[in-house]
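Enquirer: Chain by chain, the residues run as shown.
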Amino acid sequence: MSLRTNIIIAGVGGQGTVLASKLVARAAMDAGLQVRTSETIGMAQRGGSVVSHLRVSETPIASPLMAPGMADVLIGFEPGEAVRSLGYLRPGGTIVTNAHPVAPVAASPASAIYSGQSMLERLDGCGARLAIVDGDAICAEVGSTKVLNVALLGAAAALGALGFTLEQLENAIRESVRARFVDLNIQALHASARSMSAPA
Amino acid sequence: MGNEAIGLGAIAAGVGVVTGYPGTPSSEILPTIAQRNPGGIHVEWSTNEKVALEVAAGAAYAGARTLVTMKQVGLNVASDPLMSLAYVGVKGGMVIVVADDPGPISSQTEQDTRTFGLFSKLPVFDPASPEEAYAMIGDAFALSERYGTPVLFRPTTRVCHGNAPVEVGESGAPSAPEGFVKDPKWVIFPRLAYQSHLRIEQRLPQIAEEFSDYRFNRLSGSGRLGIATQGISGAYVAEALAALGDAVPEHKLLRVATPHPFPRRMGLEFLEGLDQVLVVEELDPVIERELQRLAGECHIPVNVLGKGSGHVQQAGENSVESVTQALAGFLRVECTPAATCAAAPDIQVAEPPVRPPVLCAGCPHRASFLAVKEAMRKRKAVFGGDIGCYTLGNAKPLDMVDTCLCMGASVTVAQGLHVVEPDKVHFAFIGDSTFFHTGIPGVINAVYNQTPIVLVVLDNSTTAMTGLQPHPGTGETMMGTIASKIDIATVLRGLGVQHIESCDPLQHEASKEAVLRAVEATANGVSALIFEAPCIHVAPSGPRYVINEEACRCNLCVTRLGCPAISRVDGQMRIDDDLCYGCDLCAQMCPFDAIERIAPMEEGR
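Quick mapping for you: the protein sequence lines, in order, are chains A and B.
Residues in the first sequence are numbered from 1 upward in steps of one, following the UniProt record's numbering.
Residues in the second sequence are numbered from 1 upward in steps of one, following the UniProt record's numbering.
These are computed hints drawn from the structure, not numbers from a lab.
Each hint should be verified, as a subset may be incorrect.
[Said to hold, decoys possible] Sample of chain A residues facing chain B (criterion: CB under 8 Å; computed from the structure): (1) 47; (2) 64; (3) 86.
[To be verified] Pair ranges (Cβ atoms, derived): (4) A:58 - B:576: 37 to 45 Å; (5) A:58 - B:222: 24 to 32 Å; (6) B:343 - A:59: 28 to 36 Å.
Source: prediction; values computed, not measured.
The C-beta atom is built at its ideal place from N, Cα and C for all residues, glycine as well.
Model the full structure from these sequences, guided by the hints.
Expert: This is the structure we're talking about:
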């Protein structure tokens, strides 16, 4: 069976999902693999739900978009958005999600009640391997709120879910991120990877 | 990205002049060329698509290879020059990239530019992937020059915003154009139009014949069942056939990369011996109708199924899932839904919240809408919206966009409403880039016809929705030069607007007063209020704010502002530090002064 990893990235517009998928695509290209991705760009980038499809393979890939049940990995930038994309994940797949919920804009105070905990519970009971990343803690550790995307990739790579090593992602960061942000992102990558191996 | 591939393909093809107007999903093509400009390529964001096409037409008359980029509704704006240019023709190759948006994901319509190709009688290229788009651009230029005609190039969102590795060849330097040679053929006249029409009708079958051998039109397989497809739908068909597996019966597969003029010979070869065909395409049934026409013309007893017969969805974007279901039905193959993690019968299912797009935290448009809303609390008013980020002002709790039609229509729709309902105050909210795009003629119309509307220009110094492109009011060009900014107030003064006032919408009380003055001034005709505050994506953030729980007594910040940074957590209003931009609007609004400014986050923690 040849290597084939299908990844869904789900988040809220503005969280940095586009860069995350660009980094995986870069790592795949550097490794000489086939890759196809599809991003949500446009109106939804203004705080709406955004989903990226990423497909990496040794053999040619036809469609950038997946059908339900095709994804091996689901990376949630926000627990509720991870739940929304569960239909793409195959049973036994891996979920890597940020713990911190992003509240939707409330039309009324009553609709403002949104608990990330219920979303995490649902992720926990869905038949996938679940890894919860404390994105806030990692951002605080490296001193930037803009590294959530890299932190989630670091966790997924540490779990062996991406088919890429941390070193490969590190190289992709060096190639794709503006020079003055490279170190910050690499710190976040490793901080997050370490948090996966630490006892829960 | 597919759009980058298109831009690089154009550079490789020796493009000399590139024009366009931003619009999702086409916006990244032109900046790619500007960034990778090997030197000598003129790149400009034009004020609108009609202007872009006409500038390119002039350059093409003089022999330069030209590329024009826009989204599908942009072609509606450019349709006047397009229809005539089809008759007049070009000397230098002209490729008009028009990106379609099935879904639609970020558009007003699901129109199909291939249908525009049929209407304008222009050849259409329809790439299926970023790789194909890269290679196809060169083919499109070659065909354009061979026949002296503009050519439409129609990627869809999943090609534009899909990423794949593309082998990039050497970039060709633009060849020196021959220059403009005076000739009666450049002047469209009725007699010339008749001759041109005749010439077009005569050459279309020739191009169709050429297309039957075109490398990206592909015919494969055998059997009595046929599948015809195009673009990204072809990729969905491939995935679907793989998923349906060994049970799939023998079939023919036709992929059409040049839907107009339809590759007739290849189409006939495809239809020969078939009993049934399923056509899978986005968005109009273009291939479906062409195949039906061929079958009718040539008396081929074949059933062509698709959108018309209800076998394929008539609206919306295709997906691997929808195509798999359609093909399973057509091929009579069992299709069991794939197991997923979505079904979780043994736990209580909590659904994620709906999350529509919203104005960003700190967006000055929110402040502008709020000032008008509060100033008009006791008046009957209609709030006309336009195309841009500020269309998102329609969401509750702002609820400040009563109409939205197309670029520039806020200004004109307000006039029509006023004619019928003169007792109400009619507002037209328009962004700075949209004002330059098609807003100005509407203002002239209102001034001339003495229709007293309140024009509210939301000037955030950029084209925010499509990715912060410069426009005439920003003073930057895509050639990296600085131009003098075109001042909106000066333009309005020149058009004869009597009352013009500029103010900072983030000064809430002052803004409300300015709104009242503008409304008052409609007694003397059109009045204009220019809300000037930069988009948060081009301006530095301010200090952070916290809600003092002791002083907090109401929830107006949540119920009135709709700011994504403010939410209610465990019964208490809270400001999210990561999202807050420090616009100060909530602090000004709070009746209990419970929102307090603190030091920037880095020091505050």
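Enquirer: Does each hint hold? Answer for all of them.
Expert: Status of each hint after checking the structure:
no. : hint                     : verdict
1   : 47                       : holds, 4 Å
2   : 64                       : holds, 4 Å
3   : 86                       : holds, 4 Å
4   : A:58 - B:576: 37 to 45 Å : holds, 42 Å
5   : A:58 - B:222: 24 to 32 Å : holds, 30 Å
6   : B:343 - A:59: 28 to 36 Å : holds, 30 Å
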